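Enquirer: Chains as they are written, first to last, in the working numbering: chain A, 1 to 109; chain B, 1 to 138.
Hints listed in this document are in silico derivations from the structure and should not be mistaken for laboratory results.
Treat each hint with caution, since some may be false.
As the list claims (entries may be wrong) - Label-pair ranges, simulated between beta-carbon atoms:
id, chain 1, residue 1, chain 2, residue 2, range
1, B, 130, A, 17, 39 to 49 angstroms
2, B, 126, A, 12, 46 to 56 angstroms
3, B, 27, A, 53, 37 to 47 angstroms
4, B, 38, A, 108, 24 to 34 angstroms
5, B, 43, A, 97, 37 to 47 angstroms
6, A, 107, B, 108, 13 to 23 angstroms
7, A, 108, B, 108, 40 to 50 angstroms
8, B, 121, A, 46, 50 to 60 angstroms
9, A, 46, B, 110, 16 to 26 angstroms
10, A, 22, B, 126, 19 to 29 angstroms
The structure displayed is predicted, hence computed values, not measured ones.
Note that the Cβ used here is the ideal one computed from N, Cα and C, for glycine as well.
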Amino acid sequence: MADGVRPRVKAPRSAEAGEVVTIKTLISHKMESGQRKNKDGSVIPRSIINRFTCEFNGTSVLDVKMEPAISTNPYFEFEATIPEAGDMKFTWYDDDGSVYEDTKTIKVG
Amino acid sequence: MDFTRRDTLALGAGAVALTVLPFRVNAAGEDAIAEFTGGADVAEGGVNLDAPEIAENGNTVPISVSAEGASAIMVLAMGNPTPGVATFNFGELAGSQFASTRIRLAGTQDVVAIAKLADGSFAKATKNVKVTIGGCGG
């Protein structure tokens with residue numbers, strides 16, 4: 001696991017049934033592109049988060065395939081429909097096999 | 001200096017190779033598009049791609065894409081060493097087909113968004129972004 005990886009998610013605590021809410025996510029990660037070279041001139045190996053998913057009660061909201069061209073500390077903003085109360089689960093998949101997760105509970109009413 | 005027929009032909013071939021070369025840079029991007037669309041025709045319009053006209057720092061360029069009714073949107077930076085940026089696959093509970101993120105651009109270039117629409121057709125939007133400082137290190 002890369003050091004200091006911390007997911008941050010901004011989602012509303014409650015919503016009306018069927019409401020469309022905006023979700024913002026940020027995860028601290030260096031996203032080493034595999035293009036940079038160190039002082040000796042050798043290439044620093046690629047180390048990025050290659051996939052991000054968001055699910056609400058097990059149903060997919062967004063699934064992003066990420067390439068090295070995503071900036072350091074990947075940020076995503078998107079919209080989700082909230083049909084009922086439940087848990088929104090965010091998952092980030094690292095190149096090295098690590099999986100970072102965060103969950104937000106959203107109430108209805 | 002006399003040009004023989006053979007010399008002239010060789011020179012001509014060299015000149016052709018030189019003019020073709022700049023287009024080769026885009027080949028990887030074209031391949032990525034072909035893989036995503038399966039070779040289908042891509043229409044202009046139907047996708048919104050928001051990106052700044054001038055980005056001072058190529059390391060974090062904010063972009064947002066949206067396409068009504070799209071099931072997936074692929075974003076490409078045609079001038080990057082690897083053109084792929086991200087592919088957004090929208091699920092059942094997506095509130096809208098909209099996403100915003102920050103990307104790296106190696107230099108001034110075209111950013112392309114291609115959406116797979118609900119009826120299976122593809123739409124495309126292109127935006128030129130001028131980059132003052134490239135974002136690929138090195």
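Enquirer: Please go over all the hints and tell whether each is borne out by the structure.
Expert: Taking the hints in turn, this is what the structure says about them:
no.: 1; hint: B:130 - A:17: 39 to 49 angstroms; in the structure: holds, 45 angstroms
no.: 2; hint: B:126 - A:12: 46 to 56 angstroms; in the structure: violated, 35 angstroms
no.: 3; hint: B:27 - A:53: 37 to 47 angstroms; in the structure: violated, 31 angstroms
no.: 4; hint: B:38 - A:108: 24 to 34 angstroms; in the structure: violated, 40 angstroms
no.: 5; hint: B:43 - A:97: 37 to 47 angstroms; in the structure: holds, 40 angstroms
no.: 6; hint: A:107 - B:108: 13 to 23 angstroms; in the structure: violated, 47 angstroms
no.: 7; hint: A:108 - B:108: 40 to 50 angstroms; in the structure: holds, 47 angstroms
no.: 8; hint: B:121 - A:46: 50 to 60 angstroms; in the structure: violated, 34 angstroms
no.: 9; hint: A:46 - B:110: 16 to 26 angstroms; in the structure: holds, 24 angstroms
no.: 10; hint: A:22 - B:126: 19 to 29 angstroms; in the structure: holds, 27 angstroms
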